[in-house]
Amino acid sequence: MTAGIRLLDTTLRDGEQAVGVIFTRREKEQIAALLAEIGVPAIEAGFPALGPEEKECVQAVVKADLKVRDKGDPLEVNAFARARREDIRDAAACGVQGVIISISTSDIHIERKFQRSRAWVLERVEEAADETKARGLAFTVSAEDASRTDLSFLIEYYRLAEKLGARMVRYCDSLGVDDPFSVYGRIKRIGQEISLPIEMHMHNDFGMATANVLAGLRAGASSVAASIGGLGERTGNSPLEEVVMALKYLHGLDLGIDTSRFREVAEYVAGASQRAIPIWKAIIGTNVFAHESGIHADGILKNPANYEAFSPEEVGLERQMIIGKHSGSKALIHKFAGEFGIDLDADTANRLLERVRAAAVELKRPLFDKELMLLYKQLTNGVE
Amino acid sequence: MYMQRSFGSAGDVPEEMLAAKIQGQVYIDDTTLRDGEQTAGVVFANEEKINIARMLARLGVHQIEVGIPAMGGDEKKAIREIVDLELPASILAWNRAVIGDIQHSLDCGVNAVAVSISSSDIHIKHKLMRDRQWVLDSVRRSVEFAKNHDLYVSVSAEDASRADADFLLEFALTAKEAGADRFRYCDTVGILDPFETYQRVKVLVEETGLPIEMHTHNDFGMAVANAIAGLKAGATYVNTTVNGLGERAGNASLEELVMALRYCEGIDLKLNTSLFRELSEYVALASGRRLPAWKPVVGSSLFVYESEGRASGATRDPGTYEIFSPDEVGLSRRFNVGKYSGPSVVYQKLREYGHHPSEEEVRELVPTLRSKSIALKRSLFDKEVVEEYTALRGRKGK
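The listed protein sequences correspond, in order, to chains A and B. Under this note's numbering, the residues of the first sequence are numbered 1 to 384, in order. Under this note's numbering, the residues of the second sequence are numbered 385 to 782, in order.
Keep in mind that a hint or two might mislead.
[Unchecked claim] Each pair of labels, with its calculated beta carbon distance range:
1. B:S658 <-> A:G338: 14 to 20 angstroms
2. A:L151 <-> B:H533: 54 to 60 angstroms
3. A:Q274 <-> B:G703: 26 to 32 angstroms
4. A:S311 <-> B:Q409: 49 to 55 angstroms
5. B:Q409 <-> A:R85: 19 to 25 angstroms
[Stated by the list, open to error] Residues from chain A that face chain B, not an exhaustive set, calculated with beta carbons under 10 angstroms:
6. A18
7. Q30
8. A33
9. M245
10. Y249
11. L363
[Claimed, not checked] Below, in silico cross-link-like pairs of lysine-lysine (DSS-like), each with a Cα-Cα straight-line distance of 27 angstroms or less:
12. A:K63 <-> B:K756
13. A:K335 <-> A:K370
14. B:K531 <-> A:K63
15. B:K405 <-> B:K461
16. B:K782 <-> B:K761
17. B:K586 <-> A:K188
18. B:K509 <-> A:K330
19. A:K188 <-> B:K761
20. A:K163 <-> A:K188
21. A:K248 <-> B:K509
These aren't lab readings, by the way, just hints derived from the structure by calculation. Note that beta-carbon positions come from the ideal geometry of N, C-alpha and C, so glycine has one too.
When you get a sec, could you build the whole thing from the sequences and use the hints?
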């Protein structure tokens, strides 16, 4: 199954769809290049029907002729299209290899958004597939709001996709309402009814995007549409870095991605999207390997495996020992010996710790090295 | 068997697990003030601790984990002040499984304690540098001491997710014999997935009969999903934090868990959820960690409509793209014009300003506004949209 999981990055499409996020052409090229370099085999580069600027962006990414790291395979560049002939024509004009044909399949969307019928949805997909095939492009058929779609209609929709010659179907939890157990059941059932590969596209509205992706894979899905940092509509998508690391460390499946560049790629995307990476962001946040509390810091000093599932270098981060309100005497002793060459005896360390805690509470933050030294000097000089 | 750590040999998930529903009452034990504050770099002022405790009580959580009395000084003072407020919530203090720690808790007047010790061999050998028997003895001694002083006791098995299953059960049964009121299952390094969580918690629920509390971490982004999996397996308490504040990547976020229970699982905890945004903002400020605009449940951009796909649905009926309405969590709905916007947003925006553009005018405006947004590399201000419309009308001599 290892080799069987395909990763598709949608930072440039769903990611850019996040409110207020706009990538320039250069930024799109750069992000695509970074993704190819770290080993992501496929991307969704944009939504050409938006207009001439977006077409230029997608064309530029295609023209860059990017190769996936070491394998030298060409990066698979896809464009997003609604199930409309004109959207397909716009996508084809960009020279992409594949198209993601998307339309809502839930009754709530069909009735209240389109004010149409299920039959109309099927006709639209048929038309779009026809246009795509006429242009010799591969295509994925995507079910928007699949999680709120009647399962028998969803299967009918995917069967039609299979009949029309789609290479893959996409299951979108557009509003992030699935839980891992419900999505497992649905994907398992779909897998029994169709033979096409299934791609998971899950949103994070209730904080379960990554868990839902993994549940889908467990049930037999074989592709994931994720984005860097989880960038995407509202709360975003399943973060690519979480999916890759969870597969590697929780399930022993290595997708061959150069994870040591995750931080670097995420920083670039953060800059381009003007959305700083929260310091606590799973996998790539700078605080993920920062240890302050006495219990944790002591454990880390004895053996990092006590509190780390993987080492910071694996994702391009560094371990930090922070001295603050929750620090213990062992961390102080370690810090002074290792960084300042001063051996603290247990008594000095305990008395210093009291002063450190008081200062941290007063300042409402951890202490800088200079502040630590000052407190140490005051203590040893008998200053109260 | 299915528990193996690879999909290749995973096999089917049992039907019983897929069909499992959360039974009965779910209690929140919020630990923003303890695990939240333990986060590297975060320090709450005493006044902030008190305000957060008050807000949590107003929200309606069952129990508030207020801190670590053994740290002494200010920490103890803040805890005592919170106890003195007589909030309508149980007040719990965190302790190592050490009698001295529990004495500090007694000094503060709390009515409940967490008594915590590591349960995994990796921690026992490499951190505690002891053996399993020493751990069991510590549990027994400290729980008995706490119970003799009429405290409610949650025994916390640190690193339970990496503990040997048989030993963890022995640990829990020892705690029960010593009088523990509940058992806290800690996925300290955040390495579980929901399916494994379910299986492991199920065993503890069935074999110990103790109420089980989930304490999950978000290292792989699955803290909320794992907490819910534990509840499905029969756990009844969840240890949450506001904004998911906590060590490393944080804990299960209070607001995400509560809303996921309400809307993904059909369990309403009857909390005052309209306070969520206010509470999250306060904790964000006090912890010095800005709330991302995209934060699930409370992020400021969640109910902003910009892309045509969503906006065209939402202008007709918000239910097409909203699982709950913004006022339920203290947010509001807004329309924004940007690169991905189409006729629905533009029309909506102009109407907000008292204009009634024709379909043709909107069609003409859309590409102009998109280009403008791309050129500026941001969403447009309302004023800019109205200006473009006025200019268009001007060109047409209207």
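### Distance restraint between K163 (chain A) and K188 (chain A), which requires alpha-carbon spacing of 27 angstroms or less
holds, 20 angstroms
### Message
Please check whether L363 (chain A) passes as an interface residue: C-beta within 10 angstroms of a C-beta belonging to chain B.
### Response
holds, 8 angstroms
### Message
Just to be careful, I want the Cα atoms of K586 (chain B) and K188 (chain A) compared with a cutoff of 27 angstroms; is the pair within it?
### Response
holds, 23 angstroms
### Task
Could you grab the alpha-carbon distance between K63 (chain A) and K756 (chain B) and see if it respects the 27 angstroms cut-off?
Holds, at about 25 angstroms.
### Task
Quickly compare the C-alpha distance for K531 (chain B) and K63 (chain A) to 27 angstroms and report which way the hint goes.
The hint is violated at about 72 angstroms.
### Task
Could you say whether the range 26 to 32 angstroms given as a hint is met by the Cβ separation of Q274 (chain A) and G703 (chain B)?
Since Q274 (chain A) and G703 (chain B) have Cβ atoms about 31 angstroms apart, the given range 26 to 32 angstroms holds.
### Cβ separation of Q409 (chain B) and R85 (chain A), checked against the hinted range 19 to 25 angstroms
Violated: the Cβ-Cβ distance is about 55 angstroms, outside 19 to 25 angstroms.
### Query
Is the hint on A33 (chain A) kept, meaning its closest Cβ partner in chain B is under 10 angstroms away?
With a minimum Cβ separation of about 20 angstroms from chain B (threshold 10 angstroms), the hint on A33 (chain A) is violated.
### Query
Honestly, do L151 (chain A) and H533 (chain B) meet the 54 to 60 angstroms range at C-beta?
holds, 55 angstroms
### Query
Does K761 (chain B) lie within 27 angstroms of K188 (chain A) when you go C-alpha to C-alpha?
violated, 42 angstroms
### Query
Is the distance from the Cβ of S311 (chain A) to the Cβ of Q409 (chain B) consistent with 49 to 55 angstroms?
violated, 41 angstroms
### Query
Are the Cα atoms of K782 (chain B) and K761 (chain B) separated by 27 angstroms or less?
Since the Cα atoms of K782 (chain B) and K761 (chain B) sit roughly 31 angstroms apart, the hinted pair is violated (cutoff 27 angstroms).
Violated hints, listed in ascending order, are 1, 4, 5, 7, 8, 14, 15, 16 and 19; each of the other numbered hints is respected by the structure.
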